[in-house]
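Visitor: Listed here are the chains, written in short residue letters.
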Amino acid sequence: ETGVTQTPRHLVMGMTNKKSLKCEQHLGHNAMYWYKQSAKKPLELMFVYNFKEQTENNSVPSRFSPECPNSSHLFLHLHTLQPEDSALYLCASREEGGADSPLHFGNGTRLTVT
Amino acid sequence: GDSVTQMEGPVTLSEEAFLTINCTYTATGYPSLFWYVQYPGEGLQLLLKATKADDKGSNKGFEATYRKETTSFHLEKGSVQVSDSAVYFCALSDPSLRASKIIFGSGTRLSIRP
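First to last, the protein sequences are chains A and B.
First residue of the first sequence? That's 1 in the numbering used here, and the numbers climb one at a time after it.
First residue of the second sequence? That's 1001 in the numbering used here, and the numbers climb one at a time after it.
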């Protein structure tokens, strides 16, 4: 496999469930990102990890908990979510160190909270 | 602060029509500029980029020129196809900001009629 892979592609969960989203990148990049994409809203940056260290938390509620065990894997742990958290969650990776380095995105996890 | 403004959608065109999607930016430094495309059911993927003034990025028949004097990076294609139907995002990466900061526009949905 190449690129950025996200699993699962679709997830339906109740408000009391706990689930995790997984992202894996095979590009050798040193930074990984979580974005939230909701209908009719701009792309929202949630978290950034650089060399496994969290460098950005964009005021995300604590019911979203990221984990980056190494520079190739990124998780987003979910618990006691709200219906308004239903969205497409996109993972991306990038080689930090130059402003001209683009993001590489996975195909996302479509999350529905019931 | 830095920002990206792109034209509101949706944009609907007939096949073989000329396409322009406007994008303007504000930045404190000298940013790199990007266009990303998101096809239905997929994540964003890099379409083209330009890293300095007067650079022209091009890919798949799309072009955009980095215009510092007008702070613009408009996307153009001479003859669109049905397969170009997607959402297009303009973005910037400013080296004067924290390295993780990439600013996205709100996206423009493009639909091409056969």
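Because the hints were derived from the structure by calculation, they are not lab data.
These numbers were taken from a predicted model, which means no experiment stands behind them.
Note that CB positions come from ideal geometry on N, CA and C, so glycine has one too.
Incorrect hints may appear among the rest.
What the hints assert, rightly or not - Quick look at which bits of chain B chain A covers, simulated, 3 or more residues with Cβ under 8 Å:
no., region
1, 1038-1050
2, 1083-1096
3, 1102-1111
Visitor: Hint by hint, note whether the structure agrees.
Guide: Structure-based check of each hint:
1. 1038-1050: Per the Cβ count (7), the hint holds.
2. 1083-1096: With 4 residues closer than 8 Å to chain A, the region 1083-1096 of chain B meets the three-residue bar; holds.
3. 1102-1111: holds (count 5)
Every hint, counting from the list given before, is met by this structure.
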